[in-house]
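Colleague: Each chain is listed here by its residues.
Protein chains: 2
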Amino acid sequence: MRVLVLGGDGFCGWPTSLYLSEQGHEVTILDNLSRRKIDVDLEVGSLTPITPVGDRLRAWRQVSGREVGFIDLDLATEYHQLTSVLLDRRPEAIVHFAEQRAAPYSMRSPATKRYTVDNNVRATHNLLAALVETGIDAAIAHLGTMGVYGYGWSGSAPIPEGYLTVKVPTPDGELEREILHPANPGSVYHMTKTLDQLLFAFYAKNDGLRITDLHQGIVWGTQTDQTAADERLINRFDYDGDYGTVLNRFLMQAAIGHPLTVHGTGRQTRAFIHIKDTVRCVDIAIRNPPKAGERPMVLNQVTETHRVIDLAKLVADTTGSEIAYLPNPRLEAEENELAVRNDHFLALGLRPTTLSEGLLTEVKEVAAKYADRIDARKIISRSVWRAGMPCAVDLVPAQQSA
Amino acid sequence: MRVLVLGGDGFCGWPTSLYLSEQGHEVTILDNLSRRKIDVDLEVGSLTPITPVGDRLRAWRQVSGREVGFIDLDLATEYHQLTSVLLDRRPEAIVHFAEQRAAPYSMRSPATKRYTVDNNVRATHNLLAALVETGIDAAIAHLGTMGVYGYGWSGSAPIPEGYLTVKVPTPDGELEREILHPANPGSVYHMTKTLDQLLFAFYAKNDGLRITDLHQGIVWGTQTDQTAADERLINRFDYDGDYGTVLNRFLMQAAIGHPLTVHGTGRQTRAFIHIKDTVRCVDIAIRNPPKAGERPMVLNQVTETHRVIDLAKLVADTTGSEIAYLPNPRLEAEENELAVRNDHFLALGLRPTTLSEGLLTEVKEVAAKYADRIDARKIISRSVWRAGMPCAVDLVPAQQSA
Numbered sequence: 000m001r002v003l004v005l006g007g008d009g010f011c012g013w014p015t016s017l018y019l020s021e022q023g024h025e026v027t028i029l030d031n032l033s034r035r036k037i038d039v040d041l042e043v044g045s046l047t048p049i050t051p052v053g054d055r056l057r058a059w060r061q062v063s064g065r066e067v068g069f070i071d072l073d074l075a076t077e078y079h080q081l082t083s084v085l086l087d088r089r090p091e092a093i094v095h096f097a098e099q100r101a102a103p104y105s106m107r108s109p110a111t112k113r114y115t116v117d118n119n120v121r122a123t124h125n126l127l128a129a130l131v132e133t134g135i136d137a138a139i140a141h142l143g144t145m146g147v148y149g150y151g152w153s154g155s156a157p158i159p160e161g162y163l164t165v166k167v168p169t170p171d172g173e174l175e176r177e178i179l180h181p182a183n184p185g186s187v188y189h190m191t192k193t194l195d196q197l198l199f200a201f202y203a204k205n206d207g208l209r210i211t212d213l214h215q216g217i218v219w220g221t222q223t224d225q226t227a228a229d230e231r232l233i234n235r236f237d238y239d240g241d242y243g244t245v246l247n248r249f250l251m252q253a254a255i256g257h258p259l260t261v262h263g264t265g266r267q268t269r270a271f272i273h274i275k276d277t278v279r280c281v282d283i284a285i286r287n288p289p290k291a292g293e294r295p296m297v298l299n300q301v302t303e304t305h306r307v308i309d310l311a312k313l314v315a316d317t318t319g320s321e322i323a324y325l326p327n328p329r330l331e332a333e334e335n336e337l338a339v340r341n342d343h344f345l346a347l348g349l350r351p352t353t354l355s356e357g358l359l360t361e362v363k364e365v366a367a368k369y370a371d372r373i374d375a376r377k378i379i380s381r382s383v384w385r386a387g388m389p390c391a392v393d394l395v396p397a398q399q400s401a
Numbered sequence: 000m001r002v003l004v005l006g007g008d009g010f011c012g013w014p015t016s017l018y019l020s021e022q023g024h025e026v027t028i029l030d031n032l033s034r035r036k037i038d039v040d041l042e043v044g045s046l047t048p049i050t051p052v053g054d055r056l057r058a059w060r061q062v063s064g065r066e067v068g069f070i071d072l073d074l075a076t077e078y079h080q081l082t083s084v085l086l087d088r089r090p091e092a093i094v095h096f097a098e099q100r101a102a103p104y105s106m107r108s109p110a111t112k113r114y115t116v117d118n119n120v121r122a123t124h125n126l127l128a129a130l131v132e133t134g135i136d137a138a139i140a141h142l143g144t145m146g147v148y149g150y151g152w153s154g155s156a157p158i159p160e161g162y163l164t165v166k167v168p169t170p171d172g173e174l175e176r177e178i179l180h181p182a183n184p185g186s187v188y189h190m191t192k193t194l195d196q197l198l199f200a201f202y203a204k205n206d207g208l209r210i211t212d213l214h215q216g217i218v219w220g221t222q223t224d225q226t227a228a229d230e231r232l233i234n235r236f237d238y239d240g241d242y243g244t245v246l247n248r249f250l251m252q253a254a255i256g257h258p259l260t261v262h263g264t265g266r267q268t269r270a271f272i273h274i275k276d277t278v279r280c281v282d283i284a285i286r287n288p289p290k291a292g293e294r295p296m297v298l299n300q301v302t303e304t305h306r307v308i309d310l311a312k313l314v315a316d317t318t319g320s321e322i323a324y325l326p327n328p329r330l331e332a333e334e335n336e337l338a339v340r341n342d343h344f345l346a347l348g349l350r351p352t353t354l355s356e357g358l359l360t361e362v363k364e365v366a367a368k369y370a371d372r373i374d375a376r377k378i379i380s381r382s383v384w385r386a387g388m389p390c391a392v393d394l395v396p397a398q399q400s401a
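Order-wise, the sequence lines are chains A and B.
Residue 0 is where the first sequence starts when you use numbering that gives the first Met the number 0, and the numbers rise one by one after that.
Residue 0 is where the second sequence starts when you use numbering that gives the first Met the number 0, and the numbers rise one by one after that.
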């Protein structure tokens, strides 16, 4: 298939682009390199030494013999360039990762709240409007988030895949209705993904666009078979307080002797997926799109759930790290259960890559290899959900205090 | 109270600003005059000869002895000016009309779809972010729409005020949950109001903002006691196919001998409110805001429901006009019932201004007085919900064919 990967230079986008290329798809990346530029603003960088996108693509050509295209394009503002690309490339599938994706960053300041909304809503809506205008019938696979559902809303019922059957009382008895699961976002970032859902529902209904929304859990791991094939292809690894994700951060902290940073009680249960499964799920999704006229297909892109504290203890036990309990910058319940349905991906052939010592060790080894690139002052989360909430001071890694 | 009226130069905003001023509030209008500028693009104008905003404000000062302030400001793009205004004026209430509000215009072209989303979402989000940043504790009253609910979704149950109690099945039996009524928008415009609802829910929860969302029906009528006090204060009257609203258009068509344009079967039932009640409802809303920490208060700003065809027949019967059945540019059911709860406003003292011959005649007389300002080529709706849908040719008013 001819595939566009929007946001194809990012943490999920890059390994997805290479995986899709390896599967024989004709891949073109559209990216404005915003993720790299935000690193400049935050005065931080990927733990791994990612190379410029031009070097990445040359290396991939040398390693695989395959071409991946690249177009520098801001989806939120460069609408007409987008329509030109669509008419020129005539994609059969579009993978849409092109949104600001960190909850802490989205709560950091008025400017980052506004950037997250302005960028994410306009990028998604421009894509939808451009498909309607050009008549290009490409299936969209969009990266959503488990965070649209919130936590603990439906009691002991596992979170369904997007839609929920409820009973509505009427004077003539109860009606059964299938509704989009009520939105319970926990940050401005998560909120933008709930807005996306309403955009998708409308354009699927009004214009027959074919859309799959992938409600993904927290991604862990760094490398895939493709990104590991050459050091110039290495994937990014975010370790900082805004963009780093919880399990990868624990493994990075263990690698440098920094206490494992648990916010609040750690009794929040979260959904997880390994980066190797992310890329497979996206391929499965674009091969199995909904039909025109159908509502958006929602798939929970999740393979397992864990309590944050259990992950911290697992890493602490195997590495001898300490655990530091820090104030929680988020406004959320101290504790929640979480059960998630992921029947669709299992039925479509996904064999989950779950937590294993080998994979944990691999991440820790990546972190250890590049430990000298870590700025320890960037580890603590400084973004708080409301002005004036407490946040921790810097904790000193063991090797520096020794 | 110190009140900002965002979009206070528009069809609802202007009479609301004057009414609030008359009630003794200290009113400042923020408006970028976008509604007047869209008229320039559409090559059409208000049926009534509205005066420039400066003339309006001078006339109001002469007539009432009261000052209404005006600031030319684009909420979607001039965030920092907005925070300055908030810190300078320290409003206790903010009325938010500042959104592109015509469904046909929002479906007219890729550019108008994008403008509607980009303007409405960013204006609303900037307001919310600015209140959080400045710490100004103003109650927001936002103009939403009945169109967020869609039509015919809940069978014989009347549409509740924003929230719906449903039963959710779980392994341990049914849970009762109160949810935001599922969103069923019929156009890009209506969709933006469903996005606003999610923005409001988040900022009420995370930041304790006090927000009332007024889900308004179709407004009819032109003048209020305040706008009728001097011809320079006259309210706008949109008669064109994009911005004109159904009952006012029938009365305008009757006034010039143009067939009454019914789209589809006309058996769609819609909710209505007279402009004199709009302004009262807004005053009631800002006097009775929710408390900090409460979810957004949703009020259905509606006084009656009617089938479109019944309104056409009523106008035809009293004026001798013909009815023309035209293709429906919207993708919607041919027929729907509609019952709406409006208990809150009734409990808070609203005495509804319902359809009466006197009020219908008043609108028709306004239209007749300024009939020479009508461009008959602008009457037919040209915006269609999907490319290629049929639309009618111009119909000739009786006085021109005679």
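Quick caveat, the hints were computed from the structure, so don't treat them as lab data.
Treat each hint with caution, since some may be false.
To be verified - Once the Cα atoms are required to be at most 20 Å apart in a straight line, the calculated EDC-like pairs of lysine to aspartate or glutamate come out as:
| no. | chain 1 | residue 1 | chain 2 | residue 2 |
| --- | --- | --- | --- | --- |
| 1 | B | K204 | A | E175 |
| 2 | A | K204 | A | E230 |
| 3 | B | K166 | A | E334 |
| 4 | A | K290 | A | E91 |
| 5 | A | K204 | B | D206 |
As the list claims (entries may be wrong) - Pair ranges (Cβ atoms, derived):
| no. | chain 1 | residue 1 | chain 2 | residue 2 | range |
| --- | --- | --- | --- | --- | --- |
| 6 | B | T164 | A | E293 | 48 to 58 Å |
| 7 | A | T264 | B | D87 | 20 to 30 Å |
| 8 | B | A367 | A | R89 | 53 to 63 Å |
| 9 | A | A291 | B | P389 | 43 to 53 Å |
| 10 | B | R294 | A | A338 | 21 to 31 Å |
| 11 | A | P389 | B | K36 | 16 to 26 Å |
| 12 | A | R89 | B | K36 | 28 to 38 Å |
| 13 | A | S83 | B | L32 | 45 to 55 Å |
| 14 | A | R350 | B | R294 | 36 to 46 Å |
What the hints assert, rightly or not - Not close to chain B: a few residues of chain A, all C-beta gaps over 10 Å, as computed:
| no. | residue |
| --- | --- |
| 15 | Y78 |
| 16 | K166 |
| 17 | A182 |
| 18 | A200 |
| 19 | L330 |
For each residue, glycine too, the CB sits at the ideal point set by N, CA and C.
Colleague: Hint by hint, which ones does the structure fall short of?
Modeller: 1, 2, 3, 5, 6, 7, 9, 11, 13, 15, 16, 17, 18 and 19
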